[in-house]
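Which chain is which? The protein sequence lines are A and B, in order.
Here the first sequence stands for residues 1 to 432, numbered as in full-length UniProt numbering.
Here the second sequence stands for residues 1 to 792, numbered as in full-length UniProt numbering.
FYI, nobody ran anything at the bench for these hints, they're computed from the structure.
Don't take each hint at face value.
[Claimed, not checked] One side only, chain B facing chain A, incomplete, derived with CB under 8 Å:
| id | residue |
| --- | --- |
| 1 | P229 |
| 2 | A234 |
| 3 | Y283 |
| 4 | V284 |
| 5 | V306 |
| 6 | Y316 |
| 7 | K342 |
| 8 | E343 |
| 9 | T541 |
| 10 | G551 |
| 11 | P560 |
| 12 | S562 |
Just so you know, these numbers come straight off a predicted model, no measurement behind them.
Glycine included, each C-beta is placed from N, C-alpha and C at the ideal position.
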Amino acid sequence: MTPCRVNVKRWQAEMIHSLFVINHLGDIFLEKHWKSVISRSVCDYFFEAREKAVDPENVPPVLQTPHHYLISIYRGKLFFLSVIQTEVPPLFVIEFLHRVADTFQDYFGECSESVISDNVVIVYELLEEMLDNGFPLATESNVLKEMIRPPNILRSVVNTLTGGSNVGETLPQGQLSNIPWRRAGVKYTNNEAYFDVTEEIDAIVDKSGTTVSAEIQGVIEACVKLSGMPDLTMSFMNPRLLDDVSFHPCVRFRRWESERVLSFIPPDGNFTLMTYHISSQNLVAIPVYVKQSISFFEAGSCGRLDITIGPKQTMGKTVEDLKVTVHMPKAVLNANLTASQGNYTYDFTTKLLVWDIGKLNPQKLPNLRGSLSMQTGVPNPEENPSLNIDLKIQQLAISGLKVSRLDMYGETYKPFKGVKYVTKAGKFQVRT
Amino acid sequence: MTDSKYFTTTKKGEIFELKAELNSDKKEKKKEAVKKVIASMTVGKDVSALFPDVVNCMQTDNLELKKLVYLYLMNYDCEDPNPLIRALAVRTMGCIRVDKITEYLCEPLRKCLKDEDPYVRKTAAVCVAKLHDINAQLVEDQGFLDTLKDLISDSNPMVVANAVAALSEIAESHPNSNLMDLNPQTINKLLTALNECTEWGQIFILDCLANYTPRDDRESQSICERVTPRLSHANSAVVLSAVKVLMKFMEMLPKDLDYYGTLLKKLAPPLVTLLSAEPELQYVALRNINLIVQRRPEILKHEMKVFFVKYNDPIYVKLEKLDIMIRLASQANIAQVLAELKEYATEVDVDFVRKAVRAIGRCAIKVEQSAERCVSTLLDLIQTKVNYVVQEAIVVIKDIFRKYPNKYESVIATLCENLDSLDEPEARAAMIWIVGEYAERIDNADELLESFLEGFHDESTQVQLQLLTAIVKLFLKKPTETQELVQQVLSLATQDSDNPDLRDRGYIYWRLLSTDPVAAKEVVLAEKPLISEETDLIEPTLLEELICHIGTLASVYHKPPSAFVEGSRGVQHKRLPGSTESGESESPDTASAAAVSDAPPAVIPSQGDLLGDLLNLDLTPPTTTGPPPPASSGMQMGAMDLLGGGLDSLIGAGFGAPPAAMPASFSAPVSGGLDDLFDLGGGVGMPMGAYSAPKTVWLPALKAKGLEISGTFARRSGVIQMEMTLTNKAMSVMTDFAIQFNRNSFGLAPAGPLQVLTPLSPNQSIEVTLPLNTVGPVMKMEPLNNLQIRAP
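Make a model of the complete structure from these sequences and hints.
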């Protein structure tokens, strides 16, 4: 067989052809085409899927239409929908869309329809800088901010009065260097570098209190305001905990591989230095236990609820911001409960019971109990509601991770340094 | 002071207003006007009428206004001293999608490709791809492709990355061009650039690396070593592209190599980490993990727990996780998995609950030791009386019976209690199958089946077919009490139904029962082959191809890339490199030819074959893909008397007197009952006008590297013929066709060679007729129409 040359129809070169931003009502309020205009009627396929999914969270992220692929993300009650015509790695597109949403968040403080509409010119300029011919161009916040200044109230007043603009007059140099994430000529009077180690516990606990699965999602966020070209090294007391890590591009991977230290020239400002994942269950402490019983009775169409929370493995720290959320079955009309501590609310429409507890006092365990009134004439709920726990523990990384040193090279000044730890509940679920 | 003001409109007409403002003397007003134009663009308004006016605004030193105009449409400043301005010019250059202008772009572009500044070069590289899209010939004639290839050796990693991206994109429109000439030197350059370029560039480079075939296992290992750091990247697309490269090159590593084990271990954590990302990313990751665990289950075998479902996962994530849980289920973790599945079966979402129940059945079939526990879990679920749970449970219990016959029949009583609540065809059909199959152990089997018979015509085909077979089984097991019942169902199926499948099956049973009850027993009550452990596995060659396309849309849809929208990769089927001994020098076309001949026969034909249907091996309604016997209507039911007098009345009413020629066809020895099936038409002598079924697709092109076969069986002038249409839906010529008949139930064999005279060009179809005879070896219980295709 000899391969023959095929003349495929005119090639569409771009990877991401168009972007539509759609609000919760299904209105397309922004569209950007990187090449030819694609009619917004292509979104009809998406609306169809949207309707079928009932909840916006459940819309499948990759949709096939006769001539395009639609890849979407759902962020802040908005859909970012991209139109694809060729075989493009879907993760590439999804990552990019999240980056767009992150950038809006970063620029405008939130990612909502109103701020996007209010800043449509900046939005358009950003989109143009972020993607060239469907290829991502500048997606680093540092680089973007040098080219397109974020809005602030003072400046927009000044701009209006003087005819100034939000486009930087100096051109970004970062793009030209081999460290694109850092701009040149950074200067601060106070040089400081702060790191937040945040760990979130994702866990499923079954009704008997046994941990079904537990893992820690850790992240080290940095706020680095250092002059010049500082070269930082961060070392840990117990780097062995970290066997599953993702780094900011600035981290030198070889150093990590050989010495288990983080060596990097930081971007200027806020950035995520690394994320890590600890899945070996014996390293994951479960800070609280939950004793609960939720039952429904056929006769009398009512139910009972009784929840008590107590400390389990808190490493001697206080558990704060404790909150329990229960997604009740449809048939539950109302809740008549007494909380020994904190307040509870029951939202009839969303069927969410939220019990805001606050600080956990080991001497006097918080309890919530009482009756649930049910719709009459409907069969007992088939499903068991799950409990979602939120909590916070200050000054503790639950995995035991500790930063031992932070050193700076390349500059001579003495910076202020600090590391803060906090543990939170991520997707922490207790089954009933 | 927000931009929303730009959206306000006036009565006079927007375009008119804007035009005036764009031509205003005041710089401020101009700028506001351009902003309004852009605002209009963002909501999809046509502002092309303003083209000349906007271009006029270019004459300004205000950078913002300049950029705004660039945004709208642009000019080029390739001579500017500032590299960023030059780059901006070259960027916008590519946006002029007007054929006539492109020639004027060549000189500036050539300059920019050789610019001293890497930022300009990297931008220019992308511009070549843009230009190629507009005018491919021009790009080739101007030698831009060679310049682009040179850029792969550029000193700046970003330039390398963009050159790779541009070249891969151009190469995609020319599947067979040799643009990406990968050799150890270029690979080395790519690997060096990989460490230093942006995250997006890394994706391009990794995807490009994945197309390379290393010379030997040592080169393979050294590439793997240099790619593994990418597994720790924060960008999940980088991670997945790295996984693709590693999965592919791993094939070449000897399994006893230490490094092989190390690599396996390194692959698990990044895959697990992908599951803590946003749900959309999780979804794509899960679809890919589904492929990875089928190819190399050892990578994630200890990571079952990360696939446990959280109640607030989006439904599309839940369903994928469930699928992977089953793939990872083993004796070691089955208890945990079952506990989870039972938990899921009480969730809110109906689709998910159903799938969870089904998953329990799949566990039972996959892990034999767990079967008993699965059955008892299913029984627990049946006790919940939740309607859809009960129905799903019955469907999967039927499968469990088929895998472990004579083991769990004690539960039948419990199942029968729920007979009345079954309203879904699949569940009803499953229940009927169970009753028929175990009729001898169910005292009131006849009553149960009779109860279904009342509304026979309202049932779906699936249930009707099942009921027909079940009652015939019952009759063969308890002939004395059920004669009336079987007559009733045969009459319903053959006389009162418009459904040809049902009628055909009815007639076949009828004839079987009438000619030779012993043979009928042998056929209908034959021992059934056990169902396969993993019928849901992806076919191995397709899996190999999909592994080569990890991270792409193909991997999300689990379909070969050739099945995709316009402009897929054409004929290039990617294959995993064999371990060291296989010939690496294979050219792509011989490789794909080899893939064709390697294609194994369909694993288990789960449906569609006639005998399978007779036995009811599968509950899906029979598709007509099997060669249907020439079911001439107005049939030879005259010899039905074997069944007893009761049928006479039926025949009298339905068929009238048998034609004179009839007895001749029955002079054939009755023991050769199966032959008779084929003789039905012939004996009566209806040579020309005989009915032959329309051609149906036997082999879709997708499954056979582009060769589509549709066909039918017919009797022409008394000779059985297989009439086929062969269509070449691939991109290359096919030759040397041959056909082989497997031993089949009718003893069908070719009476002459397959004659396909011409080489078959792409998109060409030919009609082929193959005379057949029935002197071939007869195989009683094998499926009939396994077509295996060889196209060397």
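Structure-based check of all given hints:
no., hint, result
1, P229, "4 Å, holds"
2, A234, "4 Å, holds"
3, Y283, "5 Å, holds"
4, V284, "5 Å, holds"
5, V306, "7 Å, holds"
6, Y316, "5 Å, holds"
7, K342, "11 Å, violated"
8, E343, "6 Å, holds"
9, T541, "17 Å, violated"
10, G551, "5 Å, holds"
11, P560, "11 Å, violated"
12, S562, "11 Å, violated"
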